[in-house]
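Colleague: Chain by chain, the residues run as shown.
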Amino acid sequence: GDSVTQMEGPVTLSEEAFLTINCTYTATGYPSLFWYVQYPGEGLQLLLKATKADDKGSNKGFEATYRKETTSFHLEKGSVQVSDSAVYFCALSEAYTGNQFYFGTGTSLTVIP
Amino acid sequence: EAGVAQSPRYKIIEKRQSVAFWCNPISGHATLYWYQQILGQGPKLLIQFQNNGVVDDSQLPKDRFSAERLKGVDSTLKIQPAKLEDSAVYLCASPSRTGAFFGQGTRLTVV
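Protein chains in written order, with the numbering used here: chain A, 1 to 113; chain B, 1001 to 1111.
No lab work stands behind these hints: they were computed from the structure. Heads up, some of the hints might be wrong.
Said to hold, decoys possible - Straight-line Cα separation of at most 20 Å, EDC-like style, residue types lysine to aspartate or glutamate; simulated pairs:
id, chain 1, residue 1, chain 2, residue 2
1, B, K1083, B, D1056
2, B, K1011, B, D1086
3, B, K1044, A, E42
4, B, K1044, A, D2
5, B, K1044, A, E76
6, B, K1044, A, E94
7, B, K1044, B, E1085
8, B, K1011, A, E8
9, A, K77, A, E8
10, A, K68, A, E15
11, B, K1083, B, E1014
12, B, K1011, B, E1085
13, B, K1044, B, D1057
14, A, K60, A, E76
15, A, K77, A, D55
What the hints assert, rightly or not - Stretch by stretch, here's where chain B covers chain A in the computed footprint (C-beta under 8 Å, at least three residues):
id, stretch
16, 41-47
17, 104-112
Stated by the list, open to error - On the chain A side, residues computed to face chain B include the following (Cβ under 10 Å):
id, residue
18, Q6
19, Y66
20, G98
21, N99
Think of the CB as a built atom: it goes at the ideal place given N, C-alpha and C, for glycine as much as any other residue.
All chains, please: the whole structure from these sequences, using the hints.
Modeller: This is how it looks when you write it as structure tokens:
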């Protein structure tokens, strides 16, 4: 069945450091891939998405490229800020499974000044 | 557009009691999901509705959980009786072409 595997945390970085959070997936068909973010005390928010192979999703300085050959969708940011501290979830959705979302376990990021 | 509304935000109950959560999805959205997010884990689908019909409830513990969406708009998720392991955040979501919009969730603590 469909699933998402995410790099385990927690991750602690200094401000302006480079961030990578790894995500790989297993899917039956051709899924859309997402990164969601959950700030402390808040709900899940869509950060970025990609709907087909080689697409790059980007938002707020974060990027992720849909790599079909490696079934990956790694999240990157060149220079993190304290305000990026949150839990990041990789997810997939495909029509084959009724468009429901499958989430990874989440990666907690703390950015220190 | 307005977001997904959920209530209550927090609920504390004793085990074996019952509890209900309410969700009002984004107006006009036919599909509605209920997810359970246990602390330290990603959300897991409990049930998916399309209008007032159930599309997928294969992961819903039907001996204690029930959900309905009578008029194809708002939805209620009920747990009866609750167990300690039901402590989690219950999220309602409304999908769109760009992704899914999630409500703030109801944080349930069973003591």
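Colleague: Each hint: holds or not?
Modeller: Each hint tested on the structure:
no.	hint	in the structure
1	B:K1083 / B:D1056	23 Å, violated
2	B:K1011 / B:D1086	12 Å, holds
3	B:K1044 / A:E42	18 Å, holds
4	B:K1044 / A:D2	12 Å, holds
5	B:K1044 / A:E76	25 Å, violated
6	B:K1044 / A:E94	15 Å, holds
7	B:K1044 / B:E1085	14 Å, holds
8	B:K1011 / A:E8	29 Å, violated
9	A:K77 / A:E8	17 Å, holds
10	A:K68 / A:E15	32 Å, violated
11	B:K1083 / B:E1014	8 Å, holds
12	B:K1011 / B:E1085	14 Å, holds
13	B:K1044 / B:D1057	12 Å, holds
14	A:K60 / A:E76	11 Å, holds
15	A:K77 / A:D55	17 Å, holds
16	41-47	holds (count 5)
17	104-112	holds (count 3)
18	Q6	8 Å, holds
19	Y66	14 Å, violated
20	G98	5 Å, holds
21	N99	6 Å, holds
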